[in-house]
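There are 2 protein chains.
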Amino acid sequence: MPPPIENWAERVCSGDVLAISRAITAIENHQPEAEELLRVVFPKTGKAYLTGITGAPGTGKSTLVDRLAAFYRRQEEAVGVIAVDPTSPYTGGAILGDRIRMQGHAGDAGMFIRSMATRGFLGGLARATAEVALLLDAAGKDQVLIETVGVGQDEVDIVRLADCVVVVMVPGMGDDIQNMKAGLMEIGDIFVLNKSDREGADRVEQEIRGLQSLSPHPSGPSSQTVLKGHDFSRAESNAQSPGALAPEGSIDWTPPVIRTIATTGEGLPALAAAINEMEAWLRSEKRLEARRTQHWKRRLDAMLRTELMRRARSNGFDASVLQFHAARIASGHQDPWQLVAQLTTQLFQGEKPA
Amino acid sequence: MPPPIENWAERVCSGDVLAISRAITAIENHQPEAEELLRVVFPKTGKAYLTGITGAPGTGKSTLVDRLAAFYRRQEEAVGVIAVDPTSPYTGGAILGDRIRMQGHAGDAGMFIRSMATRGFLGGLARATAEVALLLDAAGKDQVLIETVGVGQDEVDIVRLADCVVVVMVPGMGDDIQNMKAGLMEIGDIFVLNKSDREGADRVEQEIRGLQSLSPHPSGPSSQTVLKGHDFSRAESNAQSPGALAPEGSIDWTPPVIRTIATTGEGLPALAAAINEMEAWLRSEKRLEARRTQHWKRRLDAMLRTELMRRARSNGFDASVLQFHAARIASGHQDPWQLVAQLTTQLFQGEKPA
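In order, the protein sequence lines correspond to chains A and B. Residue numbering for the first sequence follows the working numbering, starting at 1 and increasing by one per position. Residue numbering for the second sequence follows the working numbering, starting at 1 and increasing by one per position.
Since the hints were made in silico from the structure, they are not lab data. Being a predicted model, the structure only gives us computed values, none of them experimental. We treat Cβ as the ideally placed atom computed from N, Cα and C, and that holds for glycine. Where hints are given, some of them may not hold.
Said to hold, decoys possible - Restraint ranges, calculated between C-beta atoms of paired labels, are given here: (1) Glu207(A) with Gly265(B): 54 to 60 Å; (2) Asp142(A) with Gly172(B): 39 to 45 Å; (3) Glu10(A) with Gln346(B): 56 to 62 Å; (4) Asp142(A) with Arg313(B): 53 to 59 Å; (5) Asn315(B) with Thr25(A): 32 to 38 Å.
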């Protein structure tokens, strides 16, 4: 039985680990109490700084996140870590050594680590992650780190809810992996070249710079002008991106490339400094507010979508009705577009049938 | 100016390449004519067999698809290829040699190849791919091959619309890549071990077999019994999967592992035979109908979601309204959950406010 909401919320806001863990489980399981709880703690949110850390598998994101968390703890900042990465040691893809290293934080009340199940969510993972981030924010964490493996739209959606996006790369990745980078170039505020003692670091940095010149950061004034041809979709997404809201004539943010060796901690202070600098940039001229507004715009859209479907289902459009119509479509007896138009009209009462 | 719908539809159904290309562009751009056209050609669909081919980058999927298409052409089957793979040669990530090889099909009226833009779709890619597959079906293609890079939920969504899912792996992939395989194990009807002349082929095949024993094919009778603990979500997805509809006591489909060397064509006849065998299995005891019904159930759900949002937007919940509310939420002046409940109630007229 869940604890009474007000009491539960109070415990979450005081940083009670058990209360937070229970709340995350409620969020993951879509329990109605989760929403009630979030509504109660919502006024306490907005203080934490959210950093998303993403990159291809094998780039050492988890170790980097671990080191960065430890760095913030030494500065006596409360840290929350959300790992949404099927290859992360937190989520079970790890060798024993990783697990042991992570246990170094056990017993530290200023550190909360939680892995999110990446299975069975069917698209709701970005929402659940956003809600957990709000929860950790309300729980008084100063820094919330969200780790995701950057290989799909889902992961991009997750990391885009962060205030600052760190994209991790390593030297010597194959061409196929490099191809994946393009999508990440657009969302990266800071690039990390991890395992930078490996051969090929200079070349990867040059490649990043080269891609940057083709795909400028949304804050750049020239983002529209250099886009052409098939880059239309990118121009469109830039137009909706937070940076596009930056006042004209403001100083642009040029995503820096930071070299690190996460396993030894080399470059970690430089990374923390870059994150800090980005935060200062965002906090000036209300850029952070503009960015968070854009994030809420996307989230509102997703929430509305979900709620409309929930009501549609409770208004008779449930699984068995879907099954009935699906069978008729599969056998060629029903036009799916006509059906959807009819059903939607029925749901929106007061509107005339199409 | 688009051609009149009826005339356009007629040309699509006769296999006119220009008419098909125009229709795909209309689908990609969400033009209203696309839906009109699809409604007209819909009665001509249901004849093509859809094979989805997926795998991590670098597994040689494109070459395999190319060879398979050529194989079908030699059997005088009309073939349509849809490449939804950012690393595919069709979509521009290729070396010149790949492009030249693909041009080997130029001038063959029985072969239609189209790459889908993987950018700027924001979740609608699965829908667009499904619609293009319907179109190629109506255009008289016997075999429709859908190539996707299997690394995210989006790609899984795309490939799941196929009648048969082929998962491609190669020997010697790193552990990180292997971790990604788990999600693909569940949806694979046929496994291909490509580049099988490389060292480690036996080990990968053993790994596939091992994973299969942990995660049985949905058609297997024991799928529920071996699942436990955190595998709940998998059990749930199995319950909704097409195989779960197979009549009790029917012969199960055990996903075969086919070894190929796509570059030389070795193993291609065996792969085509396996796809053929799977089709025969699906066509017996109405399994194909059951599977397609499940696919339409998912698609109806997605279509309804999109249509509800479209109507919500046209009923006043547009981008500027979203922007207004998002700014209030970002500054802590509005509870997003309450807002969504209110707005949804307004949209569903006739319902009392919550």
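So, going through the hints one by one against the coordinates:
no. : hint                                 : result
1   : Glu207(A) with Gly265(B): 54 to 60 Å : 34 Å, violated
2   : Asp142(A) with Gly172(B): 39 to 45 Å : 44 Å, holds
3   : Glu10(A) with Gln346(B): 56 to 62 Å  : 33 Å, violated
4   : Asp142(A) with Arg313(B): 53 to 59 Å : 38 Å, violated
5   : Asn315(B) with Thr25(A): 32 to 38 Å  : 36 Å, holds
The earlier numbered hints that this structure contradicts are 1, 3 and 4.
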